[in-house]
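Here's the letter readout for the chains.
There are 2 protein chains.
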Amino acid sequence: MNKTISSARPDGPGPIKEYDTEKEVVRLNPISNGTVIDHLPIKTAPKIMRLLKLNFDEAVMVAINIDSKKKGKKDLIFIEGKKLTAKEVAKSALIAEGSTWNIVKGKSVVSKSVIQMPKELFGIIICNNPNCITNQEHIETKFTIDNNKGKCYYCEREMEMDDIVKSLE
Amino acid sequence: MNKTISSARPDGPGPIKEYDTEKEVVRLNPISNGTVIDHLPIKTAPKIMRLLKLNFDEAVMVAINIDSKKKGKKDLIFIEGKKLTAKEVAKSALIAEGSTWNIVKGKSVVSKSVIQMPKELFGIIICNNPNCITNQEHIETKFTIDNNKGKCYYCEREMEMDDIVKSLE
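The listed protein sequences derive, respectively, from chains A and B.
Mapping of the first sequence onto the numbering used here: position 39 corresponds to residue 39, and the numbering continues sequentially without gaps.
Mapping of the second sequence onto the numbering used here: position 29 corresponds to residue 29, and the numbering continues sequentially without gaps.
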């Protein structure tokens, strides 16, 4: 038995066969305007989704642990209608440095860049030292990132990347 | 600028152009052996993923709020290497009654069925009455489902479907 699962393709020539076992491909409508994050380290896509607090009011497609030419395996996210803010890119870097960040407009990729680890982060990481001035008064946090660790500018507390990422979610 | 993002297709004739803006399609390798849940109500795929406690050791593809011929919009999940247990199907029914549940073997859909709401659920729902015998002693819970509500067999406490689903995650 060789079946296909079809869905509508309102703007196309006919229904897309989403799961075409004969042609061995999963086909989905691409996003028209939004963001594609590619070459994510495996298993990071669910973290990125939580971090971006997606409301799923528009299409989101996520592929986890799929084959990649560059990296062996990777994750991949398509988000319709979403433009990442600078803060969201910085947060994503903490989880997925080196991933490719594409901006799609009118169904074309208009910008493609590599998500790079920022050297300084403002107002993103919450210092895990309860006595730090940033936890006592209304002061924006400032962290320097070096060698996969974050260091608070104010109290000099060092935080491991794992703890930083947990604090973001 | 019209670009494509490519990845390896180790068993195929060449790299798949995953995001082919010219042909207006997202293409991914299908799963070989596993589960496809289709025609999910929109925004339920993330809940199903949490409920199934996926570890992402094999490929998972999720499409949320995409076009559907049958339903206008839908969610869709592909899970490599996963066979749903009877309990997982029953849990999924509470979130996504009427969805299509496909079993894939050797890249073919070998079974296709509709996820139906069970009339009775054993050991799945935790009764929210703290005094219920099932919360006091080592007794498996039993709920009857009727009119989108669950009723505990032991203490007759009624639970709304929303509360039931929250208790599953």
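Possibly wrong hints are sitting among the right ones.
Because identical chains cannot be distinguished in the list, a pair is counted as satisfied if it fits within a single copy or across any two copies.
[As the list claims (entries may be wrong)] SDA-like cross-link-like pairs, simulated, lysine to any residue; straight-line CA separation at most 20 Å:
| id | residue 1 | residue 2 |
| --- | --- | --- |
| 1 | Lys43 | Asn135 |
| 2 | Lys53 | Glu169 |
| 3 | Lys83 | Asn135 |
| 4 | Lys53 | Ser108 |
| 5 | Lys43 | Lys53 |
| 6 | Lys105 | Asp57 |
| 7 | Lys166 | Leu54 |
| 8 | Lys73 | Glu88 |
| 9 | Lys107 | Asn65 |
| 10 | Lys69 | Tyr153 |
| 11 | Lys107 | Phe122 |
| 12 | Lys151 | Ser32 |
| 13 | Lys166 | Arg50 |
| 14 | Lys73 | Asn33 |
| 15 | Lys107 | Asp162 |
| 16 | Lys105 | Tyr153 |
| 17 | Lys83 | Lys151 |
| 18 | Lys71 | Ile133 |
| 19 | Lys112 | Glu88 |
| 20 | Lys43 | Leu54 |
| 21 | Lys149 | Ser167 |
| 22 | Lys105 | Thr85 |
If you are wondering where the hints come from, they were derived from the structure by calculation, not from laboratory data.
task: Please write out, lowest number first, the hints stated earlier that are contradicted by the structure.
output: Violated hints: 1, 3, 4, 8, 10, 11, 12, 15, 16, 17 and 18; rest satisfied.
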